[in-house]
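Residue strings, one per chain:
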Amino acid sequence: MPEQSEHEYLQTPSQTVGPFFGYALPYAGGPDVRAPWQPDAVRLHGRVLDGAGEGVPDAFVEIWGADATGRPSTELGSFDRDQHGFAGFGRSAADRAGNYSFTTIKPGAMREGSAPYLLVAVFGRGILQHLFTRAYFGDEAEANASDPLLGRIDEGRRDTLIAVPDAERSYRFDIVLQGEGETVFLDYGTEI
Amino acid sequence: MHPVANQPDLTQGEIDDEIAERTAAEREAAAGGALPSHPRRDFRPYRSTTLRHPTHELVRADPEEIELVSPAFGHTDVAPEEADMTIQHSGEPQGERIIVTGRILDGDGRPVRNQLVEIWQANAAGRYVHKRDQHPAPLDPNFTGVGRIITGDDGSYRLTTIKPGPYPWKNHRNAWRPAHIHFSFFGSAFTQRLITQMYFPGDPLFGLDPIYQSIVDPAARDRLVAGYDHDVSEPEWALGYRWDVVLTGPKSTWMEPEDADHA
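The listed protein sequences derive, respectively, from chains A and B.
The opening residue of the first sequence carries number 1 in the numbering used here; numbering runs sequentially from there.
The opening residue of the second sequence carries number 1001 in the numbering used here; numbering runs sequentially from there.
FYI, nobody ran anything at the bench for these hints, they're computed from the structure.
A virtual CB, placed ideally from N, CA and C, is assigned to each residue, including glycine.
Check each hint, because a few of them may be wrong.
Said to hold, decoys possible - Selected chain A positions facing chain B (Cβ under 8 Å, derived; list incomplete):
id	residue
1	V17
2	V56
3	L76
4	F79
5	G124
6	G126
7	Q129
8	H130
To be verified - Far from chain B, some chain A residues (derived; all Cβ distances over 10 Å):
id	residue
9	R43
10	R47
11	Q83
12	N99
13	E140
14	E155
15	D166
16	S170
Turn these sequences into a full structure, and let the hints steer you where they fit.
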């Protein structure tokens, strides 16, 4: 541990969002990171499932993705934007069956040798600290095969990070919180 | 609807015992070293965690560019009036008007500038404007309980609201949440993302609440409690509280340890 001022700015602990965020956090256009009518729009959708295989209705999902060239958007106005821009960030509340859905674009890869992905964060009642994961794209087999993170994941669990093409310009990405098919969740060194 | 969450037969005493047992186990595991700041995800006394925590170890990831920046929220996203939750309707809300202010900093003490803070809470009677909140307390037609703020250049935020009431929540028999305000933060990196709850000093429900007690380190737990600040109070108008927040994340690119292949 570094010696300098390690106790000066101690992190604020996380707490659950609880069940009653529904009138506060979802916002109009939240799931539309890219307007659905735009020719480059793709759908990312799926279910949030608990350890009993039940959909989680009081969960929400955030995505944060780079643009088509692999650069994070610096476009201001993630909330109040027109139908033409791309701010990269979206938020979708799960419905009663635990379904969420976004329209966005397929990002470019951010680094040489890595595969494109969307960063995904999951929040909900009973989730004391939100969970991070990544949604890679099932039709990028070659890039996925060389991606450094995917390469480190047990083969038996790697598929949980792959969004599966299920229709034209549509990908299915279920998020399993626990149990069989449990999604690989990521730690960025914030688990202190 | 959610049988795991609704266990009214379980007594407060049984939950208290589980909390004490878990806290002792965490202390023992830390062996005198630092306790974790964040709650464990599988904190059993909070029953909703039972089916909603991963059972596998999280996989350490090297953050790429998208993880090291945050969405570009800005002043165009939020109207200044959204920082005052007492003026969103034609009448005055019921309850005790309060001011909450503080600074959002990163782990190095640098201000988190021009970033979005979202706020939501129950009204003075402990009732949320949410169709699934069945607590038979009155809704307040003049209080929705939602606010948004963009932090200033010094990372500061300032909020005017109504002190929320405690409310029952069916985790166990006679379970009551301490009064709290929910806060959602974005840092300068997305890995600093934080959603938490701010509590009020001296609440008698702290020791009984499995959500508050899910943070086993008492010092970390205390960091969620705002301080009463008489300099923030406004004469003939509102009591003031100060609450600073520290968002931490990776300071630099994580290097894969050389023995990772054998781990």
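Hint check results:
The beta carbon of V17(A) is positioned within 8 Å of a beta carbon in chain B (closest approach about 5 Å), and the interface hint is therefore held. Annotation: V56(A) was flagged as interfacial toward chain B, and the flag holds, the nearest CB pair being 7 Å apart, inside 8 Å. Hint status for L76(A) relative to chain B: holds, with the closest Cβ pair at about 4 Å, below 8 Å. Hint on F79(A) holds. Least Cβ distance to chain B is approximately 4 Å, under the 8 Å limit.
The beta carbon of G124(A) is positioned within 8 Å of a beta carbon in chain B (closest approach about 7 Å), and the interface hint is therefore held. For the restraint placing G126(A) at the interface with chain B, the shortest Cβ-Cβ distance is roughly 3 Å, inside the 8 Å limit, so the hint holds. The beta carbon of Q129(A) is positioned within 8 Å of a beta carbon in chain B (closest approach about 5 Å), and the interface hint is therefore held. The criterion of a C-beta within 8 Å of any C-beta in chain B is met by H130(A), whose closest approach is roughly 6 Å, and the hint holds.
With a least beta-carbon separation of about 20 Å from chain B, R43(A) lies farther than 10 Å from that chain, consistent with its non-interface assignment. At roughly 14 Å, the least C-beta separation between R47(A) and chain B is larger than 10 Å, which holds for a residue marked as non-interface. Remark: the non-interface label on Q83(A) is consistent with the geometry, its nearest Cβ contact in chain B lying 16 Å away (cut-off 10 Å). Its beta-carbon lying about 17 Å from the closest one in chain B, N99(A) satisfies the requirement of being farther than 10 Å from that chain.
No Cβ of chain B comes within 10 Å of the Cβ of E140(A); the nearest lies about 15 Å off, and the non-interface call holds. The Cβ of E155(A) sits about 13 Å from the closest Cβ of chain B, beyond the 10 Å cut-off, so the non-interface label holds. Consistency note on D166(A): stated as away from chain B, and its beta-carbon is indeed over 10 Å from all of that chain's, at 24 Å minimum. In this structure S170(A) is separated from chain B by more than 10 Å, as the shortest Cβ-Cβ distance comes to about 22 Å.
In the structure shown, no violation is registered for any of the earlier numbered hints.
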